[in-house]
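J.: Each chain, letter by letter, is given below.
Protein chains: 2
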Amino acid sequence: MPAAPVIAIVGATGAVGVELLGSLARRNFPLSQLRLLASKRSAGREMRFRGGTLIVEELTENSFDGVDIALFSAGATISRRFAPIAAAAGARVVDNSSAFRMDPAVPLVVPEVNADTMQGDEAIIANPNCVAAIAGVALAPLHRAFPIRRLQMATYQAASGAGAEAMQELRDGTAAELRGEAFEPKVMPHPYAFNIFSHNADIDPQTGYNGEESKVIAELRRIFDLPQLPVGVTCIRVPILRAHGMAISIEFDQVVDPQVARDLLSDAPGLRLVDDWAGNHFPMPSEATGQEDVLVGRIRTDLGDPSGRTLTLFVVGDQLLKGAAQNAVQIAESLLPAH
Amino acid sequence: MPAAPVIAIVGATGAVGVELLGSLARRNFPLSQLRLLASKRSAGREMRFRGGTLIVEELTENSFDGVDIALFSAGATISRRFAPIAAAAGARVVDNSSAFRMDPAVPLVVPEVNADTMQGDEAIIANPNCVAAIAGVALAPLHRAFPIRRLQMATYQAASGAGAEAMQELRDGTAAELRGEAFEPKVMPHPYAFNIFSHNADIDPQTGYNGEESKVIAELRRIFDLPQLPVGVTCIRVPILRAHGMAISIEFDQVVDPQVARDLLSDAPGLRLVDDWAGNHFPMPSEATGQEDVLVGRIRTDLGDPSGRTLTLFVVGDQLLKGAAQNAVQIAESLLPAH
Chain A
27 MPAAPVIAIV
37 GATGAVGVEL
47 LGSLARRNFP
57 LSQLRLLASK
67 RSAGREMRFR
77 GGTLIVEELT
87 ENSFDGVDIA
97 LFSAGATISR
107 RFAPIAAAAG
117 ARVVDNSSAF
127 RMDPAVPLVV
137 PEVNADTMQG
147 DEAIIANPNC
157 VAAIAGVALA
167 PLHRAFPIRR
177 LQMATYQAAS
187 GAGAEAMQEL
197 RDGTAAELRG
207 EAFEPKVMPH
217 PYAFNIFSHN
227 ADIDPQTGYN
237 GEESKVIAEL
247 RRIFDLPQLP
257 VGVTCIRVPI
267 LRAHGMAISI
277 EFDQVVDPQV
287 ARDLLSDAPG
297 LRLVDDWAGN
307 HFPMPSEATG
317 QEDVLVGRIR
327 TDLGDPSGRT
337 LTLFVVGDQL
347 LKGAAQNAVQ
357 IAESLLPAH
Chain B
27 MPAAPVIAIV
37 GATGAVGVEL
47 LGSLARRNFP
57 LSQLRLLASK
67 RSAGREMRFR
77 GGTLIVEELT
87 ENSFDGVDIA
97 LFSAGATISR
107 RFAPIAAAAG
117 ARVVDNSSAF
127 RMDPAVPLVV
137 PEVNADTMQG
147 DEAIIANPNC
157 VAAIAGVALA
167 PLHRAFPIRR
177 LQMATYQAAS
187 GAGAEAMQEL
197 RDGTAAELRG
207 EAFEPKVMPH
217 PYAFNIFSHN
227 ADIDPQTGYN
237 GEESKVIAEL
247 RRIFDLPQLP
257 VGVTCIRVPI
267 LRAHGMAISI
277 EFDQVVDPQV
287 ARDLLSDAPG
297 LRLVDDWAGN
307 HFPMPSEATG
317 QEDVLVGRIR
327 TDLGDPSGRT
337 LTLFVVGDQL
347 LKGAAQNAVQ
357 IAESLLPAH
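Residue numbers (our numbering), protein chains in the order written: chain A, 27 to 365; chain B, 27 to 365.
Since the hints were derived computationally from the structure, they do not count as laboratory data.
Please read these numbers as outputs of a predicted model, since none were measured by experiment.
Just so you know, even glycine gets a beta-carbon here, dropped at the ideal spot from N, CA and C.
There may be inaccurate statements among the hints.
Covered by chain B, according to a simulated footprint, are these stretches of chain A (three or more residues, beta-carbon under 8 Å) [as the list claims (entries may be wrong)]:
no., segment
1, 108-114
2, 270-277
3, 328-339
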């Protein structure tokens, strides 16, 4: 891997693609060239990067010649087809889709949690689901000190997880509602203005869990290498733009003092403690949006568990940053020499 | 109690007061006279009721002469002062505030759950917190069949719980945000447009739970007569107008088949099952608003509990109706003769 590699972004014009450019720039990622790849429809479009202008190229089978690291964010179908092509051309792939996340040969990485699962030679590395990545950052420092035995979660998920069009539909539908006009949703299956609804991923007819919930469960188990970890989760879309919230109850194998947990969380990388009881100031999307750090607060002993072994907390992270683009760029940073 | 009593509404011009008039009308409550009471500031205002017009009177110590049932919804301070005065004047009081909810001499009633706790002669009957009332309707049919051992909840609470001004602030703040203009919140402590935040009730410095959460715990224990029930709950405000959502995990003392639970819930009063797995259609505020029934769905075995004894479900109810005005009117109905 060169010290300043050639980077390609697949799906550069999507909601996450735009943030991949932003994260590479903000984090001063050393690169010799940046290639922007997208569908034929988006080819020719200009995008700004570090004060210059780049032209989006059409993604083809020949797009990866000379590419050292390819950041994929164009959906699982594109990843399944083109990630092996990129790998065969010698690129290392960081894939933001769900295509390879459960492949045992592919590490699933949140750098703050399990960077050590990368051996250094994998052709493809998977970037987790946004909820799993954001929760992972908050859970890791606790799990290192006190093994986690069980998780219960309820999410407050933003429009951005369904893409830029969903974000626009939330804004347009809300504007129409405020004007008292009818609005027909096209991206989301339900009205989104001043409304919440169960995440629109398909329901597993065996368990009743939806696809998003199943990903959160399977990926948290993989990221923490706890294949039997009981995880209950309800994923709900709320009318916010780009930061996911989540209430998490964590059962440990022993009683954990909330102040000890607070100290562990306040010292951990990628986290910012927002836990002001007197001021009633806790993690909010309005303060997490555009931020690299995941916000954590409302840390307290869970009164739902009389054994005292459960803590509960509220976590908010930018879905497009730690939940997607930034985590992928952090993985790419770990591929650089002398890292 | 006369067959057509004289009814007074204290706090008639507030968000709940308006819905008290609406619920009395919609449910064809038999009454011989309706008196609307409010602060001096609102006195003289006209309100429509059953095709006629009523004039709001100023609340005074003499307001309750001849009143049979007084419905209070003007906050705990007003209730503490005037409910005893109304009772001394011979009225039976249904109080929507938190003033008397934990008073052992005052029944705390959700009619679908514990109407039997009213002896028939109480001067004051308390109407529960909105989350407790809405959750109670969904929990009661299950608890009757399979005793509840433990609850874990996360709420998605609407603006209406903070009053009509909070609803307007959500609309105004969102409109400003969509225009790209600055907006300074005055009612809520945090920006509400496209944002969520921990419920703004004060935090108990001992437990870290906020006042809303503490009410939910204490009131559910009281309503179900389970004084030791472990309840964990996180209360979050989301930018919706008037229906509360809640994810509830319920641990029973035995394994409960989700289909058995579904059947119990679909037959229960005050509930409507919305649990379409194939169509991904579940309870939503957009469909609960203005509805008397509480919506329940996402009924499944909780994968967070390997014993299989926990079910999880998602519940949405109109905060101003079943969460407040309608429940109060239902209590008043039970005070009528030959009920």
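J.: Does each hint fit the structure? Answer for all of them.
T.: Evaluated hints:
no. : hint    : result
1   : 108-114 : violated (count 0)
2   : 270-277 : holds (count 3)
3   : 328-339 : holds (count 7)
Of the hints listed earlier, the one the structure fails to meet is number 1.
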